[in-house]
Amino acid sequence: AQSVTQLGSHVSVSEGALVLLRCNYSSSVPPYLFWYVQYPNQGLQLLLKYTSAATLVKGINGFEAEFKKSETSFHLTKPSAHMSDAAEYFCAVGGAGGTSYGKLTFGQGTILTVHP
Amino acid sequence: GAVVSQHPSWVICKSGTSVKIECRSLDFQATTMFWYRQFPKQSLMLMATSNEGSKATYEQGVEKDKFLINHASLTLSTLTVTSAHPEDSSFYICSARNPTVNTEAFFGQGTRLTVV
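Residue numbers (the numbering used here), protein chains in the order written: chain A, 1 to 116; chain B, 117 to 232.
Treat each hint with caution, since some may be false.
DSS-like cross-link-like pairs, simulated, lysine-lysine; straight-line CA separation at most 25 angstroms [what the hints assert, rightly or not]: (1) B:Lys180 - B:Lys136; (2) B:Lys182 - A:Lys103; (3) A:Lys103 - B:Lys171.
Because the hints were derived from the structure by calculation, they are not lab data. Since the model is a prediction, treat every value here as computed from it, not as a measurement.
Extracted from the complex, chain A is given alone in its bound form (with noise of 0.2 angstroms):
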């Protein structure tokens, strides 16, 4: 079983600012972890995937996570909030390889809010 916990639905920081997206996870086999990019009645954008490579990760638009399996976390962080960024973020969790392939368990997701 799996399940994903977003830390804090709503995160508001000023422009310029770090940005931190917090996400837990739970698995019962080495995870797969992603986080995606929503904005208003629009589908998922991926931002960056973990696939047990590279602890840190980084992704587009600035973007980087840094996965802990000590701490089982994922979170999201850009150094530097633009306004463009305003927009819902799912963190979520597969199963690495074989026949658990891209069935995805999601966050209940973070809106994010960047203002001037």
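Using the hints provided, position chain B relative to the given structure of chain A.
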């Protein structure tokens, strides 16, 4: 590439009618596709796993007779919401496995269903 297209992007239907949503993998063959549902201001919940040439596997609590899934070819899965009611109004998103990229599935842009 790994492009997944969903059609339609949005649909409004009358209560009691049926609606079909298509999910196509445009540049790869997908033996497995997934259907998710997202209620307003909520996360994505997996509804079912669609397997080409066989019956879909539904998640607990999803009515298979109401949400008919057909995966008749390697590039097309369809979700039919039968006898739709206002409570079926939601955002439906599909994803598809690309066998050459065995770390993730690729998402369509979603379909906004409104039942009036």
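Okay, the hints, checked on the actual structure:
Using a Cα cut-off of 25 angstroms, the hinted pair B:Lys180 and B:Lys136 holds, with the two alpha carbons roughly 14 angstroms apart. Distance restraint check for B:Lys182 and A:Lys103: the Cα-Cα separation of roughly 22 angstroms lies within the 25 angstroms cut-off, and the hinted pair is therefore satisfied. For the proposed pair A:Lys103 and B:Lys171, the alpha carbon gap of about 17 angstroms is at most 25 angstroms, so the pair holds.
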